[in-house]
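Since the structure of chain A is provided, determine the placement of chain B on it from the hints.
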Amino acid sequence: MSCSRMEKKIMGYVDGRLKEGERLDMEKHLSTCAVCQLRVNEFRAVHVLLDELPMIEPSAAFDVRMQARVAAEPAKQSWWAWFAPSPRVAFAASMLVLAMVWLGSRPADPSLSAVDIDKINQNLPVLENYDVISDFAPLSELPPPVQNDDASDTNQNQQM
Amino acid sequence: MLDVKAGDEQSFTLLLHRYRAPLINFLYRMVRNREQAEDLAQEVFLRVYRAREDYVPSAKFTTWLFRIATNLALNSVRDNRYQRMEISLDAPVTADAEDGDEKTLDVAEKHPNIEQHLIEETRRKMIRRAIEKLPEKQRAAVLLHKYQELDYGEISKILECSESALKSLLFRAYETLRVELAPFVAQQPRQ
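Keeping their order, the protein sequence lines are chains A and B. Using my numbering, you'd call the opening residue of the first sequence number 2 and step up by one each time. Using my numbering, you'd call the opening residue of the second sequence number 661 and step up by one each time.
Same shape as in the complex, but just chain A (with noise of 0.2 Å):
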C-alpha cells in the first residue's frame, strides 16, 4: 500500500472501523513507513485533544420556548380533510339540495288537463309568433282595459 493510499483509510485504522484485511494491509504498510506512522500517532493525539473540549448543557429556558412553539403550531390537517366540509356548508348545501328536489317534484299546473296542455303545446309556434298575435283581429276588437279608479267607483255605485 502507498502512502497516497493511507489517505482515505487512515482515520478508519485510527477510529478502529476498519476491516479485518484492510488493517492487516494498513499495519503492513506502517511498519515500513515512519511518515505515515508518525501521522497515524498524530491523528490519534488530535483524536485525544477533541475530548477535553466540554459538553454545554441546554439553557432552562429552552424546554419552556420549545413547548410553547410547539403549542403555537397549527394543527394540521390531513389531505382527505379537505373534502370534509364544514358543519354550515354542509347543512345549506343539503337544504339547497332538498328544495330542488322539492321543486322538481311538483307538478307544472295542477289546473290543466292532460288534454289541454296538449292544445297548448299544438298553439305554442302561433303564440310564439308576434306578427301573428299582434295583426290578430279578435284581439283588437276587445274592449279598452278598465281603470282601477273606475272599477273601485262603479263598485261604490253599485253598493249604493
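If you are wondering where the hints come from, they were derived from the structure by calculation, not from laboratory data. C-beta: ideal position from N, C-alpha, C; glycine also.
Here are the computed lysine-lysine pairs in the DSSO-like style, where the Cα-Cα straight-line distance is at most 27 Å:
hint: 1; chain 1: B; residue 1: Lys-806; chain 2: B; residue 2: Lys-785
hint: 2; chain 1: B; residue 1: Lys-797; chain 2: A; residue 2: Lys-10
hint: 3; chain 1: B; residue 1: Lys-817; chain 2: A; residue 2: Lys-10
hint: 4; chain 1: B; residue 1: Lys-806; chain 2: A; residue 2: Lys-9
hint: 5; chain 1: B; residue 1: Lys-793; chain 2: A; residue 2: Lys-10
Sample of chain B residues with no beta-carbon within 12 Å of chain A, all distances over it, derived:
hint: 6; residue: Val-716
hint: 7; residue: Pro-717
hint: 8; residue: Ala-719
hint: 9; residue: Phe-721
hint: 10; residue: Thr-722
hint: 11; residue: Ile-728
hint: 12; residue: Asn-731
hint: 13; residue: Leu-734
hint: 14; residue: Asn-735
hint: 15; residue: Val-737
hint: 16; residue: Asp-739
hint: 17; residue: Asn-773
hint: 18; residue: Ile-774
hint: 19; residue: Glu-796
hint: 20; residue: Lys-797
Frame of chain A, contents of chain B only:
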C-alpha cells in the same frame, strides 16, 4: 419517531430530551454562538414536529435529524447572519459556557493549582479555535464523526457526499488540526 408520527405527543417530548443536548452542542460548535445554537436547535425540532406525519423510516432518525441540523448550520454560517465577532485571544473572557467567568471560578476553586487550571483552560480554547478555523464542511464532518460517533455511511448521507469524499474531508481536517495543535500533539503520550 413512529410514535410521534402516530400522534403521541409524549414521544416527541422524549425525543426532545434525548437529542437536545447533542444537537445543541453540535450546532454550538458549528455556529460558535450559544444563543444561536439553541435557536437553530429549536428550528430543527420544529421541522421534525411539522414533518412528523410525512416521516418515512428510510434512514436512521439521527441521520435525518443531523441532516436538518447541518443544513441549517451551514446556511447560517454561509449567510454570515449569526457569526459572532472574532474575539482575539487576549480579549477578556466572555459569558460563554466554555469561557465563562463563573465556570472559571468554580473550576479554579476545585483546582489546588490555579496555574495548572489556566494552562488547561488555554489548551481548551486553542482546541476550540482550531476546530472553528476548519472550513464548514470539514468542521461538520469532524463534529459528527468525533462527538456524535456516527458511522461513515450516516455522515456521508448527512453531508450529501460519497463515503470516499467524506474520508478525504476527515483526512484534510485532521491534517489541519495536527498542525494547529502541534504543541499539544507533541505532549500526548504515544499509543
